[in-house]
Amino acid sequence: MSDLREIYQEVIFDHYRTPRNCRALAGASHKAEGYNPLCGDRVVVYLQIDDGVIRDASFEGVGCAISTAAASLMTEALKGKRVGDVQTLFERFHDMVTGAPGVPQALGKLEVLAGVREFPSRVKCATLAWHTVLAALKDQREPVSTE
Amino acid sequence: MKMEHDVLRDPVSAVEVKHWRDDFPALRQKVHGQRLVYLDNGATTQKPQAVIDAEAEYYCHYNANVHRAVHALSERATEAYEAARHKVQRFLNAAAPEEIVFVRGTTEAINLVAQSYARPRLGPGDEVVISAMEHHSNIVPWQMVCAQTAAVLKVVPINDAGELELEAYERLVGPRTRLVAITHVSNALGSIVPVAHIIKVAHERNVPVLLDGAQAVSHLPVDVRALDCDFYAFSGHKIFGPTGIGVLYGKRRLLEAMPPYQGGGDMIRSVTFEETQYNEIPYKFEAGTPNIAGVVGLGAALDYVQGIGLDAIAAHEGDLLNHATQEVTAVPGLRIIGTAKEKASILSFTLEGVHPHDIGTILDHQGVAIRAGHHCAMPVMQRYGISGTARASFALYNTRGNVDALVAGLHKVRELFPR
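Here the protein sequences come in this chain order: W and L. In terms of this note's numbering, the first sequence opens at residue 14 and continues consecutively. In terms of this note's numbering, the second sequence opens at residue 18 and continues consecutively.
If you're looking for bench data, these hints aren't it; they were derived computationally from the structure. Just so it is clear, CB atoms sit at the ideal spot from N, CA and C, and this is done for glycine as well. Any given hint might turn out to be false.
In silico contact screen, one side only, chain W against chain L (beta carbon under 10 Å); selected entries [unchecked claim]:
#1 D16
#2 R18
#3 I20
#4 F26
#5 R30
#6 L51
#7 G53
#8 D54
#9 R55
#10 G76
#11 C77
#12 I79
#13 S80
#14 S134
#15 R135
#16 C138
Each pair of labels, with its calculated beta carbon distance range [as the list claims (entries may be wrong)]:
#17 W:G93 x L:R52: 45 to 53 Å
#18 L:P192 x W:C35: 47 to 55 Å
#19 L:T260 x W:P133: 17 to 25 Å
#20 L:A60 x W:P133: 14 to 22 Å
#21 W:P114 x L:T260: 29 to 37 Å
#22 L:V32 x W:S15: 36 to 44 Å
#23 L:G402 x W:D64: 41 to 49 Å
#24 W:C35 x L:A178: 29 to 37 Å
#25 W:P133 x L:D70: 28 to 36 Å
#26 W:P114 x L:R417: 43 to 51 Å
#27 W:V96 x L:T346: 46 to 54 Å
#28 L:G50 x W:V96: 43 to 51 Å
#29 W:K92 x L:Q343: 46 to 54 Å
Could you put the whole structure together from the sequences, leaning on the hints where they help?
What follows is the structure, encoded as structure tokens:
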């Protein structure tokens, strides 16, 4: 049960039940849709970018505790970040949830999702919103899929 | 909620079930330190030792191509391959072995009928009738052939219990209907469709019927002649056989009138660059070297199932489904999706405030394997306004103890996700 407690911990429940920034963003400069065909979950991510800095970020959709909490935590983490830093942040996050070897990266609050590494089938839940953000930054019009 | 056949005999004794269970080596393992409780039989079933041995025996002792060489191994392989065809014929009570076509699975069987039977017969405005609880494999092939021919797909609705609306069906089968393609047992809901009635109504209007038997054959006896169905499709791996092998049954006169599905070796009688003469049925539909080991394994699987008897299996599974249906009602916020009067051993459900994937992960950690998601039946999920369900599907080797492990696991889910 210890692995389960690690993945389903308080912070994740909090973000699942009361997701932050869960709304459409009026006047968003970037927007993309993500889809996980495995479970049918969908997410729309909105970004307000000004001068190369993410001023605001929000999302709508998703479903399970992991994908919802991951999207919520991600929007919090993105605010104030430079667009050029998002790819690196995603890679560090991805390394953490896939259990890539190496020293754990300082990811702050996002580290509550580290327990996902024990659940390979749930990595896509944790990264769906992130893939969608990368698509939004590329102005991708077609929904991005985790497959 | 009773099985169609549970009136036929009493539930099977626990001792007998243990003997069946012992036949399946994959069940003797631990997952996450817990004894495996395998309840994802709707997706695929585990294999008895007899099937594993039959495949190994083929590869160890008589691996050769079929219908070709004059050497001893090829003769043995061909004999075993054709013996398995006879086993399938008897299993479905088909009139002749030529009516049994080996394919990769239910999906390929349906695509074969869509392209070789339906496509030449469909014109603009003609109709194909399916139901609202089909698996994607009995939707998409018809959408494709409708797009190719400008025909129209008609969908029979279901009620809240997950039963076909028969009056709507009778209205939908009309003068433009060229084919009815309906599932025998719903993979997402467990509903047993009253296929005898479906076929009677269609035949009164001279419309042939294809049944998708993927979820039916391991749970209830199927007699294609008693049903008088025109096509019947099923997959080996859902009835304890290998993956990558399946069966299309078709009435002889229909199969004979159909053009081949694929071209290649084995499906021809003679080839010149000017003209090719096709082989007779069923070989006309079996282009290329077939999945011989798979066919041999499927034959062993059907022998295994018939050794136990589908009436005994249905009685046992009916008992498991009743037990599970009763026990899960104690889990707060649990809602069963699919409450048809006639159900096979599939229990689909949602848990208030918990996504099916979270249910699946937490159960998996307790060794309980279920399916979570849309079950390749997204229109069914849309019908109920949900994104997916958790689904426990039982097979002959499951026990009441397995059901109790599921229910204990669900209480654990509720503990982790308090309301």
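Against the structure, the hints:
At about 7 Å, the closest approach between the beta carbon of D16 of chain W and any beta carbon in chain L falls short of 10 Å, and the interface hint on this residue holds. A cut of 10 Å between beta carbons decides the hint on R18 of chain W: the least distance to chain L is about 8 Å, and the hint holds. Taken as an interface hint, I20 of chain W checks out: its beta carbon lies about 7 Å from the nearest beta carbon of chain L, inside 10 Å. About 8 Å separates the beta-carbon of F26 of chain W from the nearest beta-carbon of chain L, less than 10 Å, and the hint is met.
At about 8 Å, the closest approach between the beta carbon of R30 of chain W and any beta carbon in chain L falls short of 10 Å, and the interface hint on this residue holds. Here the hint on L51 of chain W is kept, as its CB sits about 7 Å from the closest CB of chain L, short of 10 Å. Below 10 Å, beta-carbon pairs count as interface contacts, and G53 of chain W has one with chain L at about 5 Å; its hint therefore holds. At about 7 Å, the closest approach between the beta carbon of D54 of chain W and any beta carbon in chain L falls short of 10 Å, and the interface hint on this residue holds.
A least Cβ separation of about 9 Å between R55 of chain W and chain L falls short of the 10 Å threshold, and the interface hint therefore holds. For the restraint placing G76 of chain W at the interface with chain L, the shortest Cβ-Cβ distance is roughly 5 Å, inside the 10 Å limit, so the hint holds. The criterion of a C-beta within 10 Å of any C-beta in chain L is met by C77 of chain W, whose closest approach is roughly 4 Å, and the hint holds. Of the supplied interface hints, the one on I79 of chain W holds, with its beta-carbon coming within about 7 Å of a beta-carbon of chain L, less than 10 Å.
The restraint placing S80 of chain W at the interface with chain L holds, with a minimum CB-CB distance near 8 Å, inside the 10 Å limit. Because the smallest distance between the Cβ of S134 of chain W and any Cβ of chain L comes to about 7 Å, under 10 Å, the interface hint for this residue holds. Taken as an interface hint, R135 of chain W checks out: its beta carbon lies about 6 Å from the nearest beta carbon of chain L, inside 10 Å. Below 10 Å, beta-carbon pairs count as interface contacts, and C138 of chain W has one with chain L at about 7 Å; its hint therefore holds.
Separated by about 50 Å at the C-beta atoms, G93 of chain W and R52 of chain L satisfy the suggested range of 45 to 53 Å. Between P192 of chain L and C35 of chain W the Cβ separation comes to about 52 Å, which falls inside the hinted range of 47 to 55 Å. Look at T260 of chain L against P133 of chain W: about 22 Å separates their beta carbons, and that is inside 17 to 25 Å. In this structure the hint that A60 of chain L and P133 of chain W lie 14 to 22 Å apart at CB holds, the actual value being about 18 Å.
The supplied range of 29 to 37 Å is met by P114 of chain W and T260 of chain L, whose beta-carbon atoms lie about 34 Å from each other. In this structure, V32 of chain L and S15 of chain W meet the distance hint of 36 to 44 Å, their C-beta atoms being roughly 37 Å apart. With their beta carbons about 43 Å apart, G402 of chain L and D64 of chain W fall inside the hinted range of 41 to 49 Å. Between C35 of chain W and A178 of chain L the beta carbon distance is about 34 Å. The supplied range of 29 to 37 Å therefore holds.
The hinted range of 28 to 36 Å is satisfied by P133 of chain W and D70 of chain L, whose Cβ atoms lie roughly 32 Å apart. Restraint check, P114 of chain W to R417 of chain L: a C-beta distance of roughly 45 Å satisfies the suggested window 43 to 51 Å. Remark: the range hint 46 to 54 Å for V96 of chain W to T346 of chain L is upheld by a beta-carbon distance near 52 Å. At about 45 Å, the beta-carbon gap between G50 of chain L and V96 of chain W stays in the expected band of 43 to 51 Å.
Separated by about 50 Å at the C-beta atoms, K92 of chain W and Q343 of chain L satisfy the suggested range of 46 to 54 Å.
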